[in-house]
Amino acid sequence: MEWPANLPISLSLFPLAVLFLLLLLRAKSSKKRYPPGPSGWPIFGNLFDLGSMPHRTLTDMRQKYGHIIWLRLGSMNTMVILSAKAATEFFKNHDLSFADRTITETMRAHDYNQGSLALAPYGSYWRVLRRLVTVDMIVLKRINETTYVRRKCVDDMLQWIEEESCRVGQATGVHVARFVFLMTFNLLGNLMLSRDLFDPESKVGSEFFEAMLGLMEWSGHANLADFFPWLRWLDLQGLRKNMERDLGKAMEIASRFVKEKVEEKKVASDSRKDFLDVLLEFKGTGKDEPAELSDRELNIFILEIFLAGSETTSSTIEWALTELLCNPESMIKVKAELAQRAS
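Numbering that gives the first Met the number 0 numbers the first residue of the sequence shown as 0 and each following residue consecutively.
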């Protein structure tokens, strides 16, 4: 096989053409007015400027560049707000201009972003989901009506922890976060589906807990595919693959709960109306509103509420307990306040 005579010349000119294109794009973008910030490297931008502790690096940058800093993280333009005054200006007076969120590569798994309340672009679909949550779920009337449910779920959790502590003795510790997760998950299950979903011996509960931990881990990693979109197809860190696996498992379990609840309602006459009933009965009436929620949108929405209300709550409580155990004086104050409130 004979190679063209001009191939070496073409190969040598290709990097120069790419470099010229990058410089041209940078020259065009430099004409726009941006907040001050450090000049970055070609292609990589300011990725190397952040160091191992970006929050401290950004705090130091504030002394030089002010409270609003412009960074280029690979191909991702980023504006950093470093003062409460500037943040108030953005979210109070320019909220709609900055309402949309950047969709990371991991959150595109199973098209999750297309049914998500947290990730949906500002528009009619987002407003519908927000209205359903604020009007039919997080309202004082429903909170008051479910006081006994919260008390029952907390009592069950305390019993599980006590039983587990007696079972393992002093040999090993008790995985408190798992029991808190089960408690919050059952609490949400009662609010949305009118039933407990898990117990400590539940295999499905353990699978869902592990899947949830995976979702939080993979979505929290810095992903090269977000900074360099042309590398997406390689999935160099395996984050998209791991997210597809764990998110698929979580969605399958959540959709199973919904199907079981729908089948139960067909054969049983239950007068109680839970949040799933609200979602199933939704009919769009406003301009550009969806006529109804599809099964996929409903499953993603239900899963998102479970994710937002269970894993984050269990992590917060676990860290709070850890801090109290490490600070005996704070523990004494908390116990005294609880005793005072309870009496």
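It is possible that part of the hints are untrue.
Unchecked claim - 20 Å max Cα-Cα, derived EDC-like pairs, lysine to aspartate or glutamate:
#, residue 1, residue 2
1, Lys282, Glu162
2, Lys248, Glu291
3, Lys264, Asp154
4, Lys282, Asp294
5, Lys272, Asp135
6, Lys248, Asp294
7, Lys240, Glu259
8, Lys151, Glu162
9, Lys258, Glu296
10, Lys260, Glu209
11, Lys260, Glu322
12, Lys260, Glu296
13, Lys151, Asp99
14, Lys248, Glu206
15, Lys140, Glu322
16, Lys260, Asp195
17, Lys272, Asp154
18, Lys258, Asp294
19, Lys272, Glu251
20, Lys286, Asp276
21, Lys151, Glu200
22, Lys240, Glu200
23, Lys248, Glu288
24, Lys260, Glu243
25, Lys264, Glu243
26, Lys264, Asp276
27, Lys334, Glu209
28, Lys202, Asp155
29, Lys202, Glu280
30, Lys265, Glu303
31, Lys260, Asp234
32, Lys286, Glu303
Stated by the list, open to error - Cβ pair distances, simulated, as ranges:
#, residue 1, residue 2, range
33, Met78, Trp229, 38 to 46 Å
34, Lys334, Glu206, 45 to 53 Å
35, Met78, Ser51, 18 to 26 Å
36, Gly308, His174, 18 to 26 Å
37, Ser74, Gly308, 33 to 41 Å
38, Leu49, Arg194, 13 to 21 Å
39, Lys272, Met75, 39 to 47 Å
40, Arg141, Asp99, 24 to 32 Å
If you are wondering where the hints come from, they were derived from the structure by calculation, not from laboratory data. The structure presented is a predicted model; accordingly, all values stated were derived computationally and were not measured. Cβ coordinates follow ideal geometry from the N, Cα and C atoms, glycine included.
Here's how the hints hold up against the structure:
1. At most 20 Å may separate the alpha-carbon atoms for a hinted pair to count; Lys282 and Glu162 exceed this at roughly 46 Å.
2. Proposed proximity of Lys248 and Glu291 is contradicted: the alpha carbons are some 25 Å apart, above 20 Å.
3. Restraint check for Lys264 and Asp154: the C-alpha separation of about 28 Å exceeds 20 Å, so the hint is violated.
4. Distance check on the hinted pair: Lys282 and Asp294 sit about 14 Å apart at the alpha-carbon level, within 20 Å; holds.
5. A C-alpha spacing of about 10 Å is found between Lys272 and Asp135, which places the hinted pair at or below 20 Å, so the restraint holds.
6. Between Lys248 and Asp294 the CA atoms are separated by roughly 17 Å; this keeps the pair inside 20 Å, and the hint holds.
7. Distance restraint check for Lys240 and Glu259: the Cα-Cα separation of roughly 29 Å exceeds the 20 Å cut-off, and the hinted pair is therefore not satisfied.
8. Between Lys151 and Glu162 the alpha-carbon distance is near 16 Å, which keeps this suggested pair within the 20 Å criterion.
9. Between Lys258 and Glu296, the direct Cα distance comes to roughly 14 Å. Compliance with the 20 Å bound is thereby established for this hinted pair.
10. A hinted pair counts as satisfied when its Cα atoms are at most 20 Å apart, and Lys260 with Glu209 does not qualify at roughly 23 Å.
11. The suggested pairing of Lys260 with Glu322 is violated, with an alpha-carbon distance near 39 Å, which exceeds 20 Å.
12. The straight-line distance between the Cα atoms of Lys260 and Glu296 is roughly 17 Å, inside the 20 Å bound, and the hint therefore holds.
13. Restraint check for Lys151 and Asp99: not satisfied, since their Cα atoms lie roughly 39 Å apart, outside the 20 Å limit.
14. Proximity of Lys248 to Glu206 is assessed by CA-CA distance (about 8 Å); at most 20 Å being required, the pair is judged to hold.
15. Taking the CA atoms of Lys140 and Glu322, the gap is near 34 Å; set against the 20 Å cutoff, the hint is violated.
16. As the CA atoms of Lys260 and Asp195 are separated by approximately 12 Å, the hinted pair is consistent with the 20 Å bound.
17. Annotation: proposed proximity of Lys272 to Asp154 is violated, straight-line Cα distance about 24 Å (limit 20 Å).
18. Between the alpha carbons of Lys258 and Asp294 the distance comes to roughly 10 Å, so the proposed pair stays at or under 20 Å and holds.
19. Proximity of Lys272 to Glu251 is assessed by CA-CA distance (about 24 Å); at most 20 Å being required, the pair is judged violated.
20. As the CA atoms of Lys286 and Asp276 are separated by approximately 23 Å, the hinted pair breaks the 20 Å bound.
21. Distance check on the hinted pair: Lys151 and Glu200 sit about 18 Å apart at the alpha-carbon level, within 20 Å; holds.
22. In summary, the hint linking Lys240 to Glu200 is not supported, as the alpha carbons are separated by about 29 Å, beyond the 20 Å threshold.
23. Restraint check for Lys248 and Glu288: the C-alpha separation of about 30 Å exceeds 20 Å, so the hint is violated.
24. Of the supplied pair hints, the one linking Lys260 and Glu243 is violated, its CA atoms being roughly 26 Å apart against a limit of 20 Å.
25. This hinted pair does not check out: Lys264 and Glu243 have alpha carbons roughly 31 Å apart, beyond 20 Å.
26. A threshold of 20 Å between alpha carbons decides the hint, and for Lys264 with Asp276 the separation of about 10 Å falls inside it, so the pair holds.
27. At most 20 Å may separate the alpha-carbon atoms for a hinted pair to count; Lys334 and Glu209 exceed this at roughly 32 Å.
28. Pair hint Lys202 plus Asp155 holds up; C-alpha atoms about 18 Å apart against a cutoff of 20 Å.
29. A distance of roughly 32 Å separates the Cα atoms of Lys202 and Glu280; the hinted pair therefore is violated under the 20 Å criterion.
30. Between Lys265 and Glu303 the CA atoms are separated by roughly 25 Å; this puts the pair beyond 20 Å, and the hint is violated.
31. Note on Lys260 and Asp234: the hinted pairing is violated, with a Cα-Cα distance of about 37 Å set against a maximum of 20 Å.
32. For the hint pairing Lys286 with Glu303, the CA-to-CA distance comes to about 25 Å; that exceeds 20 Å, so the pair is violated.
33. Separation of Met78 from Trp229 is about 23 Å and departs from the stated range, judged on CB atoms against 38 to 46 Å.
34. Checked against the hint of 45 to 53 Å, the pair Lys334 and Glu206 fails, with Cβ atoms roughly 36 Å apart.
35. At about 22 Å, the beta-carbon gap between Met78 and Ser51 stays in the expected band of 18 to 26 Å.
36. Between Gly308 and His174 the CB atoms are about 19 Å apart, so this pair conforms to the stated range of 18 to 26 Å.
37. A C-beta distance of roughly 34 Å is found between Ser74 and Gly308, which places it inside the suggested range of 33 to 41 Å.
38. Distance hint check: the CB atoms of Leu49 and Arg194 are about 46 Å apart, inconsistent with the given range 13 to 21 Å.
39. For Lys272 and Met75, the hinted distance range of 39 to 47 Å is satisfied, since their beta carbons lie about 44 Å from each other.
40. Look at Arg141 against Asp99: about 30 Å separates their beta carbons, and that is inside 24 to 32 Å.
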